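Enquirer: The chain contents come next:
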Amino acid sequence: MIELSGLTKVYNQGRPNQVEALRGVDLAIADGRVTVLRGPSGSGKTTLLTLIGCLARPTTGRIRIDGETVSGLPERFLTQVRRRTFGFVFQRFNLVRGLSALDNVMLPALPLGVAHRRLKEKAFALLDHFGIAERAGLAVESLSGGEAQRVAIARALINDPAVVIADEPTASLDGERVGQFIAIADELKRSGKTVLITSHDPRITRAAIVDTLVTMADGRIVEGTP
Amino acid sequence: MHPALERRRHLLDFAVRSLARRPTKNLGLVVVYALVVFLLASVMLFGAAIRREASTMLAQGPEITAQAMVMGRHDLARTADVEALRGLRGVRRVEPRLWGYLWDSAGAANYTLMVPPASDPARRVAKGKAVVGEGVARARKLAVGKMLFLVSPSGRFLRTTVTEILPASTALVSSDLVLLEESDFRAFFELPAGVWTDVALVVANPAEVKTVAEKASLRLPGFRFVTRADMARTAEALFSWREGLALALLAGALLAFVILAFDKASGLSAEEKREIGILKAIGWETSDVIALKLWEGGLVSGFAFLIGVVAAWGHVFLFSAGLFEPVLKGWSTLYPRLALEPSIDALELATLGVLTVVPYIAAILVPVWRTASTDPDAVMR
Amino acid sequence: MTDRPLPRSLAGPRGSTLAAATLAALLVVGAAMVAATGTDRHAAADGAAARDLVAALALSDVALFTEGRYTRNPSLADLHSAFQDGPGSLEHFPSGSLVLAPRDLPGGRLEAREE
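Residue numbers (my numbering), protein chains in the order written: chain B, 6 to 231; chain U, 1450 to 1830; chain H, 151 to 265.
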């Protein structure tokens, strides 16, 4: 269970280009469900995702994960929480160029000191599961958009996180790929993971798998707080 | 394997893979780096070896050498001067020496012609014979039993038979020597009897050398006295880092290291920053990122150092520092074939290692640390 | 999940293995070179030959730079030998920049110095 209370986020505080991305957000995200944050660009949904995933700190407010307050933790512990709990699929995938798909999938697990052979096999199995085993040895620049996304998803899953976060996953995909992504999200939900997605794509927001739909505008939640 | 060890190995794997993504650039960096280290280490090893051998060999030199001076230039010593020195207390033996330089157009080189001191009968050269150093033998293609013809500046002709070529192990001090019999020498240079080039003094008590030299200079005020300590100092000044070509090389090398380090320290490229952001975002700690970058820098500078030093060692001790020969020969054209005794001055090499590796790695740390400690979200924007 | 075995093409050597192998190769080359030069058992005896020669002939300098008298015998050089061709004559032998000039070049009298 992820609980957010009174979250605000201000970028460039005190400077002329100050931006209030979040203006007070209260939200509870249930375990094992698919939650979708929707809203136009600039509504703050990406910022909210960033804060939930412990990629940045809130300016004010509190984040609790399974009863534990994480928003005030020092950076080192925050990284451990992030590592343990979350798997990220970024909007632009953010794969490391020059490395193969397999290397990219293994990346999050390298600092954990997992045995090399086992890690490699697990990563390969993930890629195989998503149907791109043949591309495992190729550099990620040579992959198509859909393949790259599946590599990004596999990478997000390598450490068996409880929560999978996807930021605008369908931004660069065609209709068939969107369906594939929804199927993957459904599978993750059924395996007990919490799925958190931001999207303003109606194919996502109206999908059957969505348990909770939260609408945001102008840094606030305007609809759908449970 | 223990997770901590496995983690380190993973980071090293990734560092290698990271470097391999830009193979030409990184390989080129290692090569250039290694070249600078090679030059510096070669001079270091060569200089140290020469200094060491020179010091050891010349430790047996004469305690005092007395030279006559006129108008600030060398003059010949006369028998009367030799006798004056013989009377000095504390002097065990007085050895008048006959030696001089000869430019040989046939070999296009300068030789040092010398008459072995009379006190050592084993070294005496018979009339009409010559003992030559290995450099002379090479320049004139001599062997034992062959004839050696020399022409003096005034046109005097000397014909000798080579009876011995001085061993290669003495090349450092004897390469250009031609040892002759005294009457041959005097006839060749048109020297009358009773004049000598200089006088070597053997002192009974080594601690008394300074006193004896002072006393001698009072007795022969027109003379100059060079002690063994002075010669030792000259041997130590060979290839000194404090001036000349060696200093220029050192300055150039240091500049190269500084440039390499500065390039690293001046910040990360946008691509590198983005990568660090990604690594942080997928769960890497700051310490992991820094460890990775340290491995990258350590691999480049460490291997450059090792390759440079190993190559320099081979260059100096297996190939007699052949690359330096054109520089060292200068106008002399006679370069001794040196078989230097290999050894390693650990302190000098350690200093070189520190100069090579530390600035480079340190220069990586600052921008990496700054980037890696910020929230990854800020980095990725 | 299906359990497909890792294909051979992906099971290449690890980076750390490559680095260690390169390091080992370098050390082997280094050791081989040391062995190649260190097998000369006459080294000690040869050193003695040189020392004997120096003692017998009262040699004062190494025979590295035979181009000029002050480069051949720097320890016996005087104040003027470097400018022997003329008062304004500049240093023209490269070896002049490889050997420090002797710091004490008295014009004729030995100054007493503290060692």
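No lab work stands behind these hints, which were simulated from the structure alone. Be a bit skeptical, because a hint or two may be false.
What the hints assert, rightly or not - Just the calculated beta-carbon pair ranges, DEER-fashion:
id: 1; chain 1: H; residue 1: Ala-175; chain 2: B; residue 2: Glu-8; range: 56 to 64 angstroms
id: 2; chain 1: H; residue 1: Ala-185; chain 2: U; residue 2: Thr-1610; range: 37 to 45 angstroms
id: 3; chain 1: U; residue 1: Gly-1701; chain 2: H; residue 2: Ala-206; range: 41 to 49 angstroms
id: 4; chain 1: B; residue 1: Arg-225; chain 2: H; residue 2: Gly-162; range: 48 to 56 angstroms
id: 5; chain 1: U; residue 1: Ala-1799; chain 2: B; residue 2: Glu-126; range: 41 to 49 angstroms
id: 6; chain 1: B; residue 1: Gly-136; chain 2: H; residue 2: Ala-175; range: 36 to 44 angstroms
id: 7; chain 1: U; residue 1: Ala-1681; chain 2: H; residue 2: Leu-173; range: 23 to 31 angstroms
id: 8; chain 1: H; residue 1: Leu-173; chain 2: B; residue 2: Arg-225; range: 34 to 42 angstroms
Computed from a predicted structure; not experimentally measured. Quick reminder that beta carbons are idealized off the backbone N, C-alpha and C, glycines included.
Enquirer: I want to verify a distance hint. Is the separation of the beta carbons of Ala-1681 (chain U) and Leu-173 (chain H) within 23 to 31 angstroms?
Expert: 41 angstroms, violated
Enquirer: Against the range 34 to 42 angstroms, how does the distance between the Cβ atoms of Leu-173 (chain H) and Arg-225 (chain B) compare: consistent or not?
Expert: Once the Cβ atoms are compared, 59 angstroms apart, the range 34 to 42 angstroms for Arg-225 (chain B) and Leu-173 (chain H) is violated.
Enquirer: Within 48 to 56 angstroms or not, the Cβ separation of Arg-225 (chain B) and Gly-162 (chain H)?
Expert: 52 angstroms, holds
Enquirer: Could you see if the CB distance from Ala-175 (chain H) to Glu-8 (chain B) stays within 56 to 64 angstroms?
Expert: 57 angstroms, holds
Enquirer: Between the beta carbons of Ala-1799 (chain U) and Glu-126 (chain B), is the distance compatible with 41 to 49 angstroms?
Expert: Since the Cβ atoms of Ala-1799 (chain U) and Glu-126 (chain B) sit about 44 angstroms apart, the hinted range of 41 to 49 angstroms holds.
Enquirer: How does the Cβ-Cβ distance of Gly-1701 (chain U) and Ala-206 (chain H) compare with 41 to 49 angstroms: does it lie in that range?
Expert: About 42 angstroms separates the Cβ atoms of Gly-1701 (chain U) and Ala-206 (chain H), which means 41 to 49 angstroms holds.
Enquirer: Is the gap between the beta carbons of Gly-136 (chain B) and Ala-175 (chain H) within 36 to 44 angstroms?
Expert: Given about 42 angstroms between the Cβ atoms, the range holds.
Enquirer: 37 to 45 angstroms was suggested as the range; check whether the CB atoms of Ala-185 (chain H) and Thr-1610 (chain U) agree with it.
Expert: 41 angstroms, holds
Taken one by one, the earlier hints fail for this structure at numbers 7 and 8, listed in ascending order.
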